[in-house]
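Chemist: My request is simple: use the sequences and hints to build the entire structure.
Those sequence lines, one after another, are chains A, B, C and D. Quick note: the first sequence uses my numbering, first residue 1, plus one each step. Quick note: the second sequence uses my numbering, first residue 1001, plus one each step. Quick note: the third sequence uses my numbering, first residue 2001, plus one each step. Quick note: the fourth sequence uses my numbering, first residue 3001, plus one each step.
Be a bit skeptical, because a hint or two may be false.
Claimed, not checked - Partner residues are not named here, just some residues of chain D that face chain B (Cβ under 10 angstroms, in silico): (1) Leu3200; (2) Gln3265; (3) Gly3268; (4) Ile3271; (5) Asn3274; (6) Asn3275; (7) Trp3282; (8) Ile3283; (9) Gln3287; (10) Phe3301; (11) Gly3303; (12) Ala3311; (13) Arg3314.
Stated by the list, open to error - No farther apart than 35 angstroms at their CA atoms in a straight line, the calculated lysine-lysine pairs in the DSBU-like style are these: (14) D:Lys3175 - A:Lys169; (15) D:Lys3211 - D:Lys3175; (16) A:Lys37 - A:Lys26; (17) D:Lys3062 - A:Lys364; (18) A:Lys364 - D:Lys3059; (19) A:Lys169 - B:Lys1059.
FYI, nobody ran anything at the bench for these hints, they're computed from the structure. In this text, a Cβ means the ideal position worked out from N, Cα and C, and glycines have one as well.
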Amino acid sequence: MSSETGFDPALYARFPTRAPRPDEEKEELAHIWCAPKGWDYLTAVNNSYIGLYYLGTAFLFFLLAGILALLMRVQLAAPLMEVLPQAVYNQVFTMHGTVMMFLFAVPAVEAAGVLLLPQMLAARDLPFPRLSAYAFWAYAVGGLCFFASIFVGLAPDGGWFMYPPLTSKAYSPGINTDFWLLGIGFIEISAIAGAIEIIVGVLRTRAPGMSLDRMPIFAWAMLVFAAMIVIAFPSVILATLLLEIERAFGWPFFDAGRGGDPLLWQHLFWFFGHPEVYIIFLPAAGMVSMIVATVARTELVGYRLIVLALLATGFISFGVWAHHMFATGLPPMTTGFFSAASMAVSIPAGIQVFAWIATLAVGKPRYSAPGLFVIGSILIFVTGGLTGVMVAMVPFDWQAHDSYFIVAHLHYVLIGGMVFPLFAAFYYWIPSISRRPLSDRLGRWVFGLMFAGMNIAFLPMHLSGLQGMPRRVSTYLPGQGLALPNLVSTVGAFLLAAGVLLFLVDLVRNFRFAPGGGTAGNVHDAGTLEWLPTELYSVRSIPVVASREPLWDDPALAARVEAGRYFLPRSATGLRETIVTSPLRAEPQYLQILPGPSPWPIAAAIFTAGFFLALTVQAYGFGLASGLFAVIAVLRWLWESDRRVAAERVDIGAGIEVPTYVTGSASHGWWAMVILLIVMGMIFVMGLFSLAFLWSNQPSYWAPPPAFRGAVPILLLDLAAAALAIGGRRLLLRGAAWPVVAFVLSTAALGGALWLDRGQWAAAGFAAEASGQGAAVFALLALQGAAVATGALMAGYCAARALRGLVTRPANTSIDLTMLFLAYAAIQGLVGALFTRAVGA
Amino acid sequence: MAREEVMIAAVGTLLLGACHPAEIAPHDAGAAAIARGRDAARRLGCGACHAMPDSAWPKGRVGPALDGFGDRAMIAGQLPNDPVRLAAFVRDAPALVPGTAMPAIPMRDEDARDIAAWLQSLHEQ
Amino acid sequence: MRAWAIMLSGLLIWAAHFFILYGIGEFIGDGFASRLAIAALTGVCLAICALLAAAVMRMPPRDFFGKWRMQLAFAGLGIGALAILWQGLPALLA
Amino acid sequence: MSNRFLLASTSAGWPPPVLDPGGPYAEPVTLLAWALLIGGAVVLAIVVAALGTALFGSKRLKAKLGGERAIWLGGFLFPAVVLTGLLIWGLSLTSSLSPQPGTDAMRVRIIGEMWWWRVHYLDARGQEALRDANELHIPVGRPVLLELESADVIHSFWIPRLAGKMDMIPGRTNKLLIEADRPGVYKGQCAEYCGGPHALMGFVVVAHSAKDFERWRAARRPADGGGGPGLDLFLASGCAACHTIRGTAANGLAGPDLTHVGSRQTLGAGILPNNPGTMAGWIADSQAIKPGNRMPAYHQFSGRELRALAAYLRGLE
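Modeler: Quick look at the structure:
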């Protein structure tokens, strides 16, 4: 055995401990992690609550978007129906797609992660509980406001992909489109927050000994999921920002008449949009891998191949975005790259499918409801995958693209790849959070109705597509043979809905929320840690993990965990806490103090919602105030964090001592900041790409940029800012005031560099409204402006903490993170100044 | 019953035919003719001006809705609503009602007859 | 970082290869020179995959987890190489 | 004349247009489509068989399936081989269907509008020779190079029996080759969501034999000026602000060119048969037919006026 951190793995042999643990420890844990009462439910941050709220809200959106789908199917049941007028239909299909993709699918899998991961990893909670709470409330409040737009006829009607120029001010003058940009704004914030939470949670809060090769597949899937969000969402963040700026201020990013390009939107949107499909699919595939093993009563065959498949999907899915653009006139060689990558991405999917089949072959499958849903999901997903390979062929896609063939394909992929696994997961995991399991008998009916309904609804759509029925049509003319397949589809849709309705009946009859104690327990006889007996504090003691299915390999584990014979059988500090472990081998590193319930995350979320809503209805004063309050609420919640506790080192069991406060690159805060900076960096890189893309596609609108000469003082200032930031952190040894002074100077240097940069572009005659080039350059400068402003805010926060004596020496996390941010901002400014001058020079 | 109707129609047709020698000779108004008439009306796009029962689009608003046409006593408020005149009217309205907005529409004899049969089969629900 | 770089090497090479290819197609064009460059780059990337695979095979597995990581890297290089090969085909055929 | 009633006459649901190619730019795709559909069904059958074996098979068969070797074979090797073949097919087909410079094709520029199509026939030098709307006439057996553009939002041009679709994007000119083997009428529809009545944005391609095409071409002369009361009404009612009728004072550019509107197969961009009745109905209240289209309703005409106008326009052949 070798070590990653210097921790001696031989120490694991001290567990399980022998000495009996006093009962008071358990009482203290229960007291520290007590359940909310009354209004406390709003301030709860524990993953058991936030995860369930999250999942419930996501499922509500599934039902709402499903009702919209039924309305559409009624309208399309026969040719030339008039159930929904054209204008309403256009809103309904836009909302169906948007809500299903953004407000149901991503939040639902993210919610499953929040709910299940800590238990699966035997952590007490996720590392940033308040961030989870904020992400949830922002999503819930914003999502519901967004959905409400359909009741007042102000719902977006440009399709979920929102292609400009249809969505530009000229062709969509109403605020409908702004509602979309608002709704997506929330989900971007909440998805990124969730991703940070999940990456740090999976890599740093696993039970000791749970090396990467012993991690539950679901955790692997969530890790890849979160990493993909970090890379993919910045693209749509930038795209929505640019479109909103174009609509509000007339900067022509997508206006071909002024040197913009509508195709830029498509690149930015699909660079997010296609990985999005895998972002939805991978966690569900992770669920299937977990459930298959339990249902087959054997360990997963090909574990490492599945891990590889998850990773490979994560990578290759970033090379397929333009297969949504095969008909836009891309040159054949370019479409060929995307065609090849689209084929390559089916290989990992095939590996997973055959691994599931192999697992079923080895084991003795039980045909319980989760088992049926898993088998059904494999069949449906494979069908969708095969049509996926078909449309990866460019010439076939030219015919199938934007027709009902694609509608069929994508629903097979998403329903087989995500909805069925999610229902399998409901039937599988609900016993771990509810006093009663769901009814297996009803579950079979739910499965039967949904499986039959799904196929009856979507199989005929392959045909109607080949018959020439385009997507997003509110009606169709008779005499094309479309009436019959459409009628069949409508019948199928209602069967599918009947299945979902029956599930709701089952839920109402049997679901009794019991976070922690008193759950139905391990009814499926599963082997992973989430089936250990838990309370609100998760497990009584955190076990040493020696295999992938610890409960199968060590039947006595549950009892020993409950008896407190492993790590952290008590609260070492009297606070909420969890063990932070190393990323590869999960060796214990330090004890993280977790924040408890707080009203500030929900307050911040409500003000964030107010900010976006006010912008949508153009109440700028109210919006500004809301934004300000949101920032204050976030700072207020952060204020209580980053504190040392009295005991610098504590015993986390069997005499193993770890520190309670760690700074630098090993700390969870540092990791979170680095991930946030990757997000910012991706937004910036996509901005740079936008500039280069416009230059390459609209050369006639290009003007020579300012000379490189002018960039020299900008570079010097940015370098100085970076040096001050890094030096400031070192100076903390000398006193808390030094880094604050250095940070303020660093921010000033950043601001100066930005001021110079902006001035040179303005002096060279560029204006943001004048051309695509001007718009892109000033958008990059605005991004840098946002970074500088945030840096200034962080410097001010450090100053306030220093004044209050909260900046402890010799090292302090707040100082670390501010240093990282300022150094990043300096690099961003420097790269931007050089790149903008290089494009078209 | 259907047979009787056919007989009555045939007799009526003969009588009417005597009065209007230039008109199209009507034929049986059976279910097949009604169905053919409905299809012909759709094919010709009558919906561009008239809302037609059991066809949701187009629902033209220029001319009167055709729902319950069989119950109406008059065509365009001026002509007795009988199969022969109706068949003539749908093909060449201005010839019978000079001020109408409905143009003459080229169609075959059978189409005109079928459409008339279909129109007269429309009753208020 | 090194551990991750080894585990993900095949996929990282695929990513570099893909984005360079896309950049050539988007910003330079599909002329003969571009196609030649793509063919050459594809060859180089495949060679790197082969060399890395050989190196990974020779690495001494220190324990079960170390061996597992090497297997993951090796299989990843295989999938990466197939994808890279496909990625290069359009320069020859389309 | 019979194809004037195309909307109802093509009642066939089978074979679907994508599988019923009408020319050399659709045929190889149909072959590919059949190969993919059948191949897909075979692979699905294999997976179902594997799944069935895993669940209900004999011990011996299950043992064969239950290991990493089966995963490598079924999940990696098999798709790798099949997909390599498909990729090569797809790539070479893509390149052979893409317009190459220097083809001896008839050239037509088609410009997508919300929610209709401008059609400009070009001569060999690329100069505009003839304008029309919503309908394209082509000779059989000769490739036609379409230059696809957009005047407002993104549309997509799709005649399934003649070729795959190609987007019309503001600021770009996309090229698409089509060719019909046999005379006939080929229908199509906008395939990219373009707001409002996107569902009602149809298009018609009419393929003629070479001789008929020349005859059709020769008959495209400006209106002879014998408009009478219909033309007077047309000019007096403001129709000319949006529509052009060559040979008259009407020269509006916002709407379709009506010089030959009487000879078109359809009205309202591929959605209504073209006869005096539908013409009158469209003029008087097109909003009831195609909600949201850019032509307002004209309720002010008397019956006689409406008929005169419709008769005049119908006469523009």
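Chemist: Now tell me if each hint is right for this structure.
Modeler: Hints and how they fare:
1. Leu3200: Holds, about 9 angstroms.
2. Gln3265: Hint violated; D:Gln3265 Cβ to chain B Cβ min 12 angstroms, cut 10 angstroms.
3. Gly3268: 8 angstroms, holds
4. Ile3271: Where the cut-off is 10 angstroms and the nearest Cβ of chain B is about 8 angstroms from D:Ile3271, the hint holds.
5. Asn3274: Holds, about 8 angstroms.
6. Asn3275: Hint holds; D:Asn3275 Cβ to chain B Cβ min 5 angstroms, cut 10 angstroms.
7. Trp3282: 6 angstroms, holds
8. Ile3283: 9 angstroms, holds
9. Gln3287: 9 angstroms, holds
10. Phe3301: The hint holds - D:Phe3301 has a Cβ within 10 angstroms of chain B, the shortest such distance being about 7 angstroms.
11. Gly3303: 3 angstroms, holds
12. Ala3311: It holds, given that the least Cβ distance between D:Ala3311 and chain B is near 6 angstroms, below 10 angstroms.
13. Arg3314: Result: holds, 8 angstroms to nearest chain B Cβ.
14. D:Lys3175 - A:Lys169: 29 angstroms, holds
15. D:Lys3211 - D:Lys3175: Cα-Cα ~27 angstroms, so holds.
16. A:Lys37 - A:Lys26: The hint holds at about 20 angstroms.
17. D:Lys3062 - A:Lys364: Answer holds: D:Lys3062 to A:Lys364 is near 11 angstroms, not above 35 angstroms.
18. A:Lys364 - D:Lys3059: 11 angstroms, holds
19. A:Lys169 - B:Lys1059: Status holds; Cα separation ~31 angstroms.
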